[in-house]
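Using the sequences provided together with the hints, build the complete structure.
First to last, the protein sequences are chains A and B. First residue of the first sequence? That's 1 in my numbering, and the numbers climb one at a time after it. First residue of the second sequence? That's 548 in my numbering, and the numbers climb one at a time after it.
Among the clues, some could well be false.
Covered by chain B, according to a simulated footprint, are these stretches of chain A (three or more residues, beta-carbon under 8 angstroms) [to be verified]:
hint, stretch
1, 37-51
2, 221-229
3, 254-260
4, 293-299
5, 310-321
6, 377-387
Hints in this document: simulated from the structure, not taken from any laboratory. Don't be surprised by glycine CBs; every beta carbon is placed ideally from N, CA and C.
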Amino acid sequence: MPRLNSAAELENLRKEILLKRDPDKPCIAICGGAGCLGLGNDKVIRAFEEEIRKQSLESRVDIRATGCHGFCEKGPNVVIYPEEISYTEVSPADVPEIVSQTVVGKKVIDRLLYTDPNTGEKAVHQNDIPFYKNQMRHLMSNNSRIDPESIDDYLAFGGYAALSRALFEMGSAQALEEIKKANLRGRGGGGFPAGLKWETARNAPGEEKYVIVNGHEGEPGAFMDRAIFTGNPHCVLEGLIIGAYAIGSHQGFIYTRHDSPRLRKNIYTALAKAEEYGLLGENILGSGFNFNVEVHFDVGIFVSGESSALMRSIEGKNPEPRPKYIRTSVSGIWNKPSNLNNVETWANVAQIINKGADWYAGIGTEKSKGTKLLSLSGNICHTGVVEVPFGTTLREIVYDIGGGIPNGKKLKAVHFGGPMGGSVPEEFLDTPLDFDEMKKLGAPIGAGGMLVLDEDTNMVELTRFYLNFLTNESCGKCVPCREGIRQMLKIVTNISEGRGRKGDIELLEEIAEVAGAASLCSLGKTASDPLKGTLRYFRDEYEANIH
Amino acid sequence: MDKDTVEKILDKYRGDPGALIHVLMEIQEENHWLPKEILNEVGLQLGVPLSRVMQIATFYKTFSLTPKGRHEIHVCSGTSCHLRGSTHLVDKVRDLIGIRPGETDSDARFSLENGNCLGCCTLGPEIVIDGNHHARVTPDKADDVLKHYE
Chain A
1 MPRLNSAAEL
11 ENLRKEILLK
21 RDPDKPCIAI
31 CGGAGCLGLG
41 NDKVIRAFEE
51 EIRKQSLESR
61 VDIRATGCHG
71 FCEKGPNVVI
81 YPEEISYTEV
91 SPADVPEIVS
101 QTVVGKKVID
111 RLLYTDPNTG
121 EKAVHQNDIP
131 FYKNQMRHLM
141 SNNSRIDPES
151 IDDYLAFGGY
161 AALSRALFEM
171 GSAQALEEIK
181 KANLRGRGGG
191 GFPAGLKWET
201 ARNAPGEEKY
211 VIVNGHEGEP
221 GAFMDRAIFT
231 GNPHCVLEGL
241 IIGAYAIGSH
251 QGFIYTRHDS
261 PRLRKNIYTA
271 LAKAEEYGLL
281 GENILGSGFN
291 FNVEVHFDVG
301 IFVSGESSAL
311 MRSIEGKNPE
321 PRPKYIRTSV
331 SGIWNKPSNL
341 NNVETWANVA
351 QIINKGADWY
361 AGIGTEKSKG
371 TKLLSLSGNI
381 CHTGVVEVPF
391 GTTLREIVYD
401 IGGGIPNGKK
411 LKAVHFGGPM
421 GGSVPEEFLD
431 TPLDFDEMKK
441 LGAPIGAGGM
451 LVLDEDTNMV
461 ELTRFYLNFL
471 TNESCGKCVP
481 CREGIRQMLK
491 IVTNISEGRG
501 RKGDIELLEE
511 IAEVAGAASL
521 CSLGKTASDP
531 LKGTLRYFRD
541 EYEANIH
Chain B
548 MDKDTVEKIL
558 DKYRGDPGAL
568 IHVLMEIQEE
578 NHWLPKEILN
588 EVGLQLGVPL
598 SRVMQIATFY
608 KTFSLTPKGR
618 HEIHVCSGTS
628 CHLRGSTHLV
638 DKVRDLIGIR
648 PGETDSDARF
658 SLENGNCLGC
668 CTLGPEIVID
678 GNHHARVTPD
688 KADDVLKHYE
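In structure tokens, the structure reads:
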């Protein structure tokens, strides 16, 4: 593949790719997300390959191992194109029938369709399934349509048009303006406006500047970044290149998990392909803009997802956070301005440039724009990766998309943000998903791990669980975090085992306040949030164990 | 781990102290633990004092300074798996193979670890063995999963 040297060459290539493709050619898209992997989708993929060979259909049918489709609960998921027939819970034994009946015979196999447990209705297409129907899938929808290892697939769906637009039609200042106007807020947890962060880095003194993708995703119960980064890596990469251009950076870093082989492979493939096509490296698309990307891995510690710790780790040092009197966007990696955003934030950039800030700002609530990816798990019927516009109520997510609580149990609470988040009780279920609204309730959205808890959940025990997690993950650099969490854990453990004493709750509140005020980084500052939240809404569960 | 493999990994990063974590990660993946002589060699070749090599090697949970079993078992102890009873699963695995999390058995067949969320939150309880994910592993299914790893 020769390098692309202009916007026109990119468009020509796109036309060529589309011309070569026959839209009527059958394609079997098998979900290769983390959930389906656990359900043995590799056997399903192998069975399809074998069956296609057996029936000598290699030239007439494509097989595509894709990223996560979203509906993990009913995996392995398979979609047959061009009709977009969706089968759930597919086993290798179903494969010969699918190939001969559906792929060749164009007939739908009833028993493999999703059946709505309430109405008994069968859903032929993904979008007929309530789980998908009630979402707005701007980021996730391409996951089932593209092979994450194929840059041509990404180009066929309009990939890198936004980069070309930013480089040749907008210029860096206008690209930045567009992101600011769209009010894209950081998806990693803080909800800080990405445009303002970019602007700080752009205006910071110094020639050398860095941009970083935070793909650490260490928060237990969060798996949506992996879904988008593994399933559509170019979408994240395109956002990163545009951001680098807007900020004036020539070096980017991807920081992600080491323990997901497919994620690693897809990132490396995407980088190599983008470079080969002239979309990365020197003189991108002939624009004169240079940008390179290095990949770094977390090797198993939660705190290295914290921005300043992550940057230390990229320098090859211990991931210990530093106080942020000076923002990392002014002084980060090797004390150079370093703009860090989460995977999902970067994934939003290309569509904003393509469709405009006004389109984007039309989705969501007044202050939280666009869609949000959520990892839906816990005591809920339909677990999986969910994408909804901001403003969707928690009730809609739990019942319309999530299908409610299994085993006829009642909902007790919804927990956001993992070990540094908070729970809201059932009575707040009509709250819209919104950065500020949720924060007011003491359950900030965090990265988007949404855990549903049924009536049997012991909230004190859940708090103990989170504190226990954090004692093992605190880096130990500052005393309020290292010792504070330990002491809180000790007291909460006593209470959860029925050995609480008078004054324990007050002492907990005091330690929480000090650890929150005096810790260096957000791990220590927010470690007590689940505790504070459960004390606010479920205090009686603590009090019942004080003797 | 033979010297050639270590050399091959080091060749890519020689003289680059910033690559320390990368190098240790590759050696850990290849060899499943980090022997003292190799750590010495890494420090020399990258130009990093041994004290800092040790700081990194002991800080991250993935790195091991002792040999591991042929099969590495991670039982997820993330929130979702915890809610679905992963503590019972850890107990069951412990009873089956006779070691606690953090230990390796005397035949060096298994090493057992608690994993902090391995990504299959939708389908817990989850066990990952040698990178293979097994979903919805209730304690009574643990034996079935383990017996495939000799």
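Mind listing which of the numbered hints don't hold for this structure, in increasing order?
-> none
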